[in-house]
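S.K.: The residues making up each chain are set out below.
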Amino acid sequence: MTYTLFIILLPLISFLVLGIAGKWFSHKTAGWIGTLALAGVTALSYYAAYEYFFVIGRGADGAFAPLEVMNFCWLPFFDQGLHFDMGIMLDPISVMMLIVISTVSFMVHIYSFGYMKGEKGFQRYFAFLSLFTMSMLGLVVATNIFQMYLFWELVGVSSYLLIGFYYTSPAAIAASKKAFIVTRFADLFFLIGILIYGFYTGSFAFVFDTPEHIANYAQAGFILPLALTLMFIGGAGKSAMFPLHIWLPDAMEGPTPVSALIHAATMVVAGVFQVARLFPLWVTYAQDWMPIIVWVGVFTAFYAAAVACAQTDIKRVLAFSTISQIAFMMVALGVCTEMQTGHEHVGSVGYMASMFHLFTHAMFKACLFLGAGCIIHAVHSNEMNAMGGLRKYMPLTHITFLISCLAISGIPFFSGFSSKDEIITACMAYSPAVGYIMTGIAAMTAFYMFRLYYGIFWGTENKELHAAHHPHETKVMTWPLIILSLITVGVGIYTTLAGFGMFEGYSFGSFISADGQDYRIHFDTSVALTSTIVAIVAIGVATWIFKGERQPIADKLYATFPRLHRWAHKRFYMDEVWQFVTHRIIFACVSKPIAWFDRHVVDGFFNFLAWGTHATSNGIKTLQSGRVQQYALVYLIGTIVLILMLLIF
Amino acid sequence: MNFLSLFVLIPLLMLLGLWLAKGVKAVRGVMVVGSSLLLVLAVYLTVDFIAQRAGGNTAEMLYQASFTWFEPLNISYRVGVDGISVSMLLLSAVIVFTGTFVSWKLSPNLKDYFLWFTLLSMGVFGFFISIDMFMMFMFYEIALIPMYLLIGVWGTGHKEYSAMKLTLMLMGGSAFLMLGIFGIFYDAGGNTMNILDIANHTGGASPIEFGRQCIWFPLTFVGFGVLGALFPFHTWSPDGHASAPTAVSMLHAGVLMKLGGYGCFRIAIFLLPEAANELNWIFLILTGISVVYGAMSACVQTDLKYINAYSSVSHCGLVLFGILMLTTTSTTGAVLQMLSHGLMTALFFALIGMIYGRTHTRDVTLMKGLMQIMPFLGVCFVLAGLANLGLPGLSGFVAEMSIFVGSFQNADTFHRVLTIMSTCSIVVAAVYILRMVGRMLYGVCTDEHHLHLTDATWEERLAVICLIVCIAGIGCFPSWISNLISDSVAPIIESVKQVGPIVSSCNPFM
Amino acid sequence: MNITIDYFLILSAFMLGAGMYGFFTRRNTLAILISIELILNAADINFAAFNRLCQTGIEGYVFTLFSIAISAAETAIAIAVMINIYRMLKNNYVDELDTLKW
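The listed protein sequences correspond, in order, to chains R, F and A.
Residues in the first sequence are numbered from 630 upward in steps of one, following my numbering.
Residues in the second sequence are numbered from 610 upward in steps of one, following my numbering.
Residues in the third sequence are numbered from -17 upward in steps of one, following my numbering.
These are computed hints drawn from the structure, not numbers from a lab.
Just so it is clear, the structure is predicted and the values come from calculations on it, not from any experiment.
Treat the hints with care, since some could be wrong.
What the hints assert, rightly or not - What follows is a list of derived Cβ distance ranges for each label pair:
1. R:His1009 / F:Glu1057: 26 to 36 Å
2. R:Ala1096 / F:Val1053: 26 to 36 Å
3. F:Thr974 / R:Thr1242: 34 to 44 Å
Cβ coordinates follow ideal geometry from the N, Cα and C atoms, glycine included.
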């Protein structure tokens, strides 16, 4: 399967070509180069998935085994036999990620033809998209933690470049800087985690099942929880977990397709992917530390959902919804307590549920973002008050957006239903408290998504703005929406039916489960029913409050809880807290004093030395007066003194 | 005639050629021919060196040659190279080559400028090929003196002050160094100045007593450390770099500061292994401070050159840090960091010089939106910045990771704490780099004087692209150079580790 | 009257003292030169006097002659210098001649 190398090489080549020679290409050529490369990647990824699951298939023990396609030493380290390898490893989750990334990225490429049309820097945009796709693909096929870290940094930088794509806008500059620095700060912990991991286990590789490695891990068992938690902090930064989430809402300053690709579907789930990748170690050695993941996830999910209810910028709503949904995936991983799958092992549902939700979420969230992009493209504003009543102008966008909203709310026969249901089942098995909290948050999700939906497509229409702009849809931009919503519906119907016992052996869990065995998804009726009812009630409430032209209830709610609303709108002032820490404490109390100290104390000391030498010589030099008679007098006195001394002694 | 001596001979011939040259064109011609020859020679040396190693030549130093120069003190002209010096020679050749193009349009007195420039590079090349302590010291001094004139005459700002400060501080360092070198010479029996003989106790050299080593180690380490921007002897660096003309900053930060790290390793660690084990904790603390402190100071600077100078303090601190950690990986990483820092800081200074030459200011707060006006320089500047903050695929990442992984092999709390402290610098680096890039390049240009500036000329593009290719080359394919370096580092570190159980008995933190 | 060596010595001591006093106190370079001549002549007198009294040869006289010749040459040079100084400074006061000190 060496051809999988081209999955990474194609976008790399496209990046180099567009990056170096881009300015000599026309917009169209540049776009085609990028898109064709991505088409190739998509085809290869699908073929690789087919080959991995159906041609190579299950091993003797009935599990999908990791397949190391290639691996070579990229940078040797010379102690302890450590080495930094690069390679390609295929296993169920990396294959799934290949499909997610290539599909969404391909859709985004097509969509960008319309969205970025006539934009200055079109070639640069496609070059960065290629760079991002390359790094993300490299991340998911990594054979070792260090390779993951390398591509992790690369996705960070491509995210930085893409957020700052409109580099003339101050908000975009600030947002890109913030995104990079916050994730870099988290990556510091990731790096320290890797160092600990490498030192104590003697290897960076993702090989958890050979006897030799098991012995090494067992030996390092005492420190592994610390290493894994540090790496989790890195993952939390990338996946925007509280309190490191602050960069993601601001990252919406980038072009909307970028938000769809990077900040909804792929890069932000890298943290979840990382935890899933190291999951065998978590379960075996750091079981006691896993509540950290659970509670960070639960709190983030709740916090983000609460904030999403009060945002008016549609991309910000989607951003907080992304944070909340990723937190769902994290929680699902955290509540997974064993690796063995099978009907009696409810403990292992979480892993599968998390990956499942990652997959479905990528599709419908990308669709939502791309839909939001169409809307923004049409009305030239991100604010909900510039919209309202758009269903007449943009029917296709309306329908696809509705489908995705239903999916994220967890309505049966839409993809989000099955995956969210599995997550809540897993939570219930772990602890009913977590299960109920997550159900509540799922209700909040349905509520704020429909608040958004009604705000955009129903509600009060901003007539004068619409008269000026004539909102309309562009064909090239609606195709990706249709495809993604078809996937959402198709996957939804398929998995819902599978959950009721059809398609034995071909449900999502058959391919991806904690130990690679065939896991049969079956709905737990009580959970499925509860969450469906809760979702429908939440949608009903949203409809009741936000559907009308005038919204007396909403206004009254704002009037009743003004402080709560303001706090939620301001994201509970988390940004301000960070701002305070960085600017007032680190900059003002550390950097400035250090710089002052350097100039005035350290440098001052050397200047003092110089000054001291200078002053001393100045003092001495007055003896050299230039008066001959004075010299002679000194000479005479000297002579007399010497003679006297000779006479006396 | 020894092959390595060409590295000194070519600059000498260049000096002669420059002296005879009439007119700007002839001067440039001599420089281009000479520096290209040096570059070719360095590349050839690298290729041949790797081939010889692959062919099984395991001698400690290759291409050795020697002839006696001053009998009574046993001083010889003695040359030889190992993997570390080969990579340093390659770096120097690249920097000299690009430096020539960066100074293409310098005025006034281009000829005199290039004369001193060439003399400086001769000192640098000579330093890296010598294996005689006295020769090393002599070439070191040859490299230092032209710096004074280059900054004092062709510099900007407080140039006299900076030139004087730089020269005096470095001379102060070399005074320590001279003491150290003669101390080593006499304590090793006074029969040979040859580094290899002293290290291996051959050729009439006897082992140096432990107590005496502990005197000479700090002297030599500080002596070279001043040049390697060791805290608190680094303050010449911001002022010196800020005042120096572009190519001199490049050569200085790119190559001359590497003399410090190289010397620390080659003389202080290699010749005084017991003392290195015993006393390295003091210097580890100092370099650990350098790393964080330099990065933190860079955060609040507004002058481009000061930002880069402080970032150099941080990165060079990492070089000495890696060396002092005394593991093969970290020391290899340190040498890689020397290479990487040399290339990227040269790139940075080159770009800063080009931008300064156009905008006539280096204050980041006074520039805005330059990306739109000079896209080529802007993009390269961003690349240089990303290299500086350790982006994978560019050389900084490789070097930093080697240093961190290597340092982490020391399993006690003291080393661990320092390692983790120094890893923090990668976050701070992101802060100051992005802050600078964001302020200067992005946004909309509002200064009307800046609106009509031109992008880079061909010779500037050539220099910049050459450096970027080298940076990306090391960043993408690091293993050959890493192996080349570690081949030579490993035996030295082995011997240092084997000298005995005296490991930092005086360290209060362990 | 028997002229003993004491007379010579007293004379020369007086000349030496006067010369030194003049050397240290006069501002005018010409006066200083004259003072130097006095000092030298004091030494010459001593040479001649001791030579005559000790009856050992003619070395003392020879040295006296040397000394006179040298002081003549020196005077010539000194006066040449003074003339130049005078041309530059429009005076020849020794305390204003301190520009070469640092």
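S.K.: Now, for every hint given, state plainly whether the structure supports it.
M.R.: Okay, the hints, checked on the actual structure:
1. R:His1009 / F:Glu1057: 26 to 36 Å: Holds: the Cβ-Cβ distance is about 30 Å, inside 26 to 36 Å.
2. R:Ala1096 / F:Val1053: 26 to 36 Å: Given about 31 Å between the Cβ atoms, the range holds.
3. F:Thr974 / R:Thr1242: 34 to 44 Å: 36 Å, holds
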